[in-house]
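Colleague: Mind docking chain B on chain A? Use the hints.
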Amino acid sequence: MPSSNKYAQEFLQSVCQQIRFKGIHENITNELSDHIDDQKNEYIKQGFDEEAAFLKAVEQMGDPVLVGKQLDKAHRPKIEWSILSLAAILVVAGGFVQYFLSGVNADNSYVFSHFLIYAPAGIAAFTLIYFFDYTLLGRYPKVVYLLLFTFTIVGFLFFNRVNGSYTHVYYSALLFIPAFAGIVYDFRSKGYLGIIASGLFYAGAAYICLLASKFTGLILLTVSCLIILTVAIKKGFFGSNKLVGLAIAYIPVIISLVLTILTAPPYLRNRLAHIVNPELDPLGSGYIPLMVKRLIASSQPFGEAVLDGNIADISIASVSIEQLLPNWATDFSLTYIIARLGYVAGLVIIAVMLILIARMFFSVMKQKNAYGYLVSLSACLAITGQVVLYILSNIGVITPFSVTLPFISFGGMGFVVNMILVGLLLSVYRLTDLAHERPQGVAGDRRLITLVDGKLIIDLGMKAFFNKHAGRGKNN
Amino acid sequence: MKIDKSLTTGSTTMLILRLLKSKDMYGYQMIDELEKRSENIFTLKAGTLYPLLHTLESRGMIESYDAKIDSVRPRKYYRITQNGKKLLKEKQAEWTAYTSAVNQVLGGMDYAIV
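Protein sequence lines correspond, in order, to chains A and B.
So that you can map any letter, position 129 of the first sequence is 129 in the working numbering, and since no number is skipped, the others follow by simple counting.
So that you can map any letter, position 90 of the second sequence is 90 in the working numbering, and since no number is skipped, the others follow by simple counting.
This is chain A alone, in the form it adopts within the complex (with noise of 0.2 Å):
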């Protein structure tokens, strides 16, 4: 806590004049005003009256500006090279791809010259998010995911359904896991309706991707919430039993799971048998998957795939990969990369981002605090979320998806979203020092069920609930 004396709030103000990072600001004053203290106590003890012993026990800490100018120097921003190279490397390949995509026939010519114009659209958004000061969203979570939430229902009014739904609610979803990572670390230390609070902020989310019918949006934001928060439970972020929290998240998602399976109309279920067997219509809904599973088996280590055999009485080899893969040039540009290059340029594509995404798992490692952790780990996981659906569905896996490959597949909104969950895991890591928190005062095992004198008390953690402003800021 900062000291209300005088002395040592001179001495701590001219501390922090010298400290260009302005994060570590609250930390620092707490360590050395808890210092000054101590000394102060000390010299108390020896016989100094209070005002005296402030006094000798600044003199004690020696000259501030030299102080302040030896931690700045311990607080220099912290640059991850690897990922922001490996990033870096990601994007310019994302324009060679462009480039070959746009050369590939005439109706495709724009692809490149689009690149050109999102791209550095992306590296600005990348560019502000970094140097932005991510604890903004840890101090109003609410605030970012209503706007968001507001960005997504203007949405609806702008964009039209694409193929039956809403595109632009794909990325929405996406930037909605850093936002509720927010919310998760907001709610930390209120127990069992900390809990319940994050996971009414996810439904809210999930209902806007059902409303679109945006699928593989509302798969990634579920996937990677329920991640998120079984992370912040399982670090006791929430201070609440362990168990009975993991309870609280999973038991709602089991039910809805099983009672959306239970209760799907018929479309819905033949639609999913078609998703797990293709084969049921192989000229119809099964024909994209079938023909993605054939060029992959068909593609050669280095030059175009050879291709044999007939569809519908017409030889395939006959026909060109671009008439027989719809969408080639977006939700399956690594299938025609493969396909046309080879399978040796695709999986130089899937090396590097398999080497990003365990770079960035390692810096979320290295984060200290909740707060870093939760964001860092979020932005993560949106991240690896795209590249695996997105793989897996170009390489023939799973039943293909209308998925972004984060800095590669073409689309500027895409290009732009991954450039901030990137520049937000950057600038996490740029901040890591940061790290500082108190104990929460609620923190530990509390109990949901308590029997005293033959009362059972049911505790919801509600006092903390509400209390919600203690245990933060300066003041704790």
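Keep in mind the hints are simulated off the structure, nothing from the lab.
Because the structure is a prediction, the values reported are computed rather than measured.
For every residue, glycine included, the Cβ atom is placed at its ideal position computed from N, Cα and C.
Mixed in with the good hints there might be a few duds.
Mimicking DSS-like on lysine-lysine, the simulated pairs with C-alpha atoms at most 25 Å apart in a straight line are [claimed, not checked]:
#  : chain 1 : residue 1 : chain 2 : residue 2
1  : A       : Lys69     : A       : Lys56
2  : A       : Lys368    : B       : Lys36
3  : A       : Lys234    : B       : Lys76
4  : A       : Lys73     : B       : Lys76
5  : B       : Lys85     : A       : Lys73
6  : B       : Lys91     : A       : Lys45
7  : A       : Lys6      : B       : Lys45
8  : A       : Lys69     : B       : Lys76
9  : B       : Lys21     : A       : Lys56
10 : A       : Lys368    : B       : Lys86
11 : A       : Lys235    : B       : Lys76
12 : B       : Lys23     : A       : Lys368
13 : A       : Lys73     : B       : Lys86
14 : A       : Lys73     : A       : Lys22
15 : A       : Lys45     : B       : Lys85
16 : B       : Lys85     : B       : Lys36
17 : B       : Lys85     : A       : Lys78
18 : A       : Lys235    : A       : Lys142
19 : A       : Lys366    : B       : Lys21
20 : B       : Lys68     : A       : Lys235
21 : B       : Lys68     : A       : Lys366
22 : B       : Lys91     : B       : Lys36
23 : A       : Lys368    : B       : Lys76
24 : B       : Lys76     : A       : Lys366
25 : A       : Lys366    : B       : Lys23
26 : A       : Lys45     : B       : Lys36
27 : B       : Lys36     : A       : Lys366
28 : B       : Lys21     : A       : Lys368
Anything over 12 Å on all C-beta distances counts as not near chain A; from chain B, calculated [to be verified]:
#  : residue
29 : Met14
30 : Ser22
31 : Ser38
32 : Thr43
33 : Gln82
34 : Lys86
35 : Lys91
36 : Trp95
37 : Tyr98
38 : Ala101
Modeller: Quick look at chain B alone, frame taken from chain A:
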């Protein structure tokens, strides 16, 4: 006895790491402990200690966490990491080499003192 400051600064890192090897401590405790163990020869200023602690932390030699252990209020405690233990070993080896060299020279000139 006051000791020339230039003699202690280089070895402060080593002393701090050695203290943290025995147990986790907060800043004030380190200064206190150092004075006790050195019989008041090392009076480390807080202004020297904290920048050093923060630098060591950003280099991954030590880690910090908040806890209430010896005191009523939560304190920022430091603990040594594996890398820190390695660094301590190196520093100790350097120090031993240095002091034995100094002693050799001093020992060889015993007559000068008398």
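Colleague: Are the hints correct? Go through all of them and say.
Modeller: Against the structure, the hints:
1. A:Lys69 to A:Lys56: 22 Å, holds
2. A:Lys368 to B:Lys36: 32 Å, violated
3. A:Lys234 to B:Lys76: Cα-Cα ~23 Å, so holds.
4. A:Lys73 to B:Lys76: 20 Å, holds
5. B:Lys85 to A:Lys73: Holds. Lys85 (chain B) to Lys73 (chain A) sits at ~23 Å (cutoff 25 Å).
6. B:Lys91 to A:Lys45: With Cα atoms ~37 Å apart, Lys91 (chain B) and Lys45 (chain A) exceed 25 Å; violated.
7. A:Lys6 to B:Lys45: With Cα atoms ~21 Å apart, Lys6 (chain A) and Lys45 (chain B) stay inside 25 Å; holds.
8. A:Lys69 to B:Lys76: Distance ~21 Å between Lys69 (chain A) and Lys76 (chain B) Cα, so the pair holds.
9. B:Lys21 to A:Lys56: 31 Å, violated
10. A:Lys368 to B:Lys86: 22 Å, holds
11. A:Lys235 to B:Lys76: Holds: Lys235 (chain A) and Lys76 (chain B) sit about 20 Å apart, inside 25 Å.
12. B:Lys23 to A:Lys368: Cα-Cα ~20 Å, so holds.
13. A:Lys73 to B:Lys86: At roughly 23 Å apart (the allowed maximum being 25 Å), Lys86 (chain B) and Lys73 (chain A) satisfy the hint.
14. A:Lys73 to A:Lys22: Holds, at roughly 13 Å.
15. A:Lys45 to B:Lys85: Given that 25 Å is the threshold and the Cα spacing comes to 36 Å, the pair is violated.
16. B:Lys85 to B:Lys36: Holds, at roughly 23 Å.
17. B:Lys85 to A:Lys78: 23 Å, holds
18. A:Lys235 to A:Lys142: 23 Å, holds
19. A:Lys366 to B:Lys21: 22 Å, holds
20. B:Lys68 to A:Lys235: 19 Å, holds
21. B:Lys68 to A:Lys366: With Cα atoms ~24 Å apart, Lys68 (chain B) and Lys366 (chain A) stay inside 25 Å; holds.
22. B:Lys91 to B:Lys36: OK: Lys91 (chain B) and Lys36 (chain B) at ~22 Å, within 25 Å.
23. A:Lys368 to B:Lys76: The given pair, whose Cα atoms are some 13 Å apart, holds under the 25 Å limit.
24. B:Lys76 to A:Lys366: OK: Lys76 (chain B) and Lys366 (chain A) at ~19 Å, within 25 Å.
25. A:Lys366 to B:Lys23: Holds: Lys366 (chain A) and Lys23 (chain B) sit about 23 Å apart, inside 25 Å.
26. A:Lys45 to B:Lys36: 17 Å, holds
27. B:Lys36 to A:Lys366: Distance of about 35 Å is beyond 25 Å: violated.
28. B:Lys21 to A:Lys368: Holds, because 21 Å separates the two Cα atoms, which is no more than 25 Å.
29. Met14: Since the minimum Cβ distance to chain A is about 18 Å, Met14 (chain B) lies beyond 12 Å and the statement holds.
30. Ser22: 20 Å, holds
31. Ser38: 17 Å, holds
32. Thr43: Violated: least Cβ distance 9 Å, not greater than 12 Å.
33. Gln82: It holds; Gln82 (chain B) is separated from chain A by about 14 Å at its closest Cβ, greater than 12 Å.
34. Lys86: 18 Å, holds
35. Lys91: Correct as stated: the minimum Cβ-Cβ distance to chain A is 19 Å, above 12 Å.
36. Trp95: 23 Å, holds
37. Tyr98: At roughly 25 Å from the nearest Cβ of chain A, Tyr98 (chain B) sits farther out than 12 Å, so the non-interface label holds.
38. Ala101: 30 Å, holds
In summary, the numbered hints that this structure violates are 2, 6, 9, 15, 27, 32.
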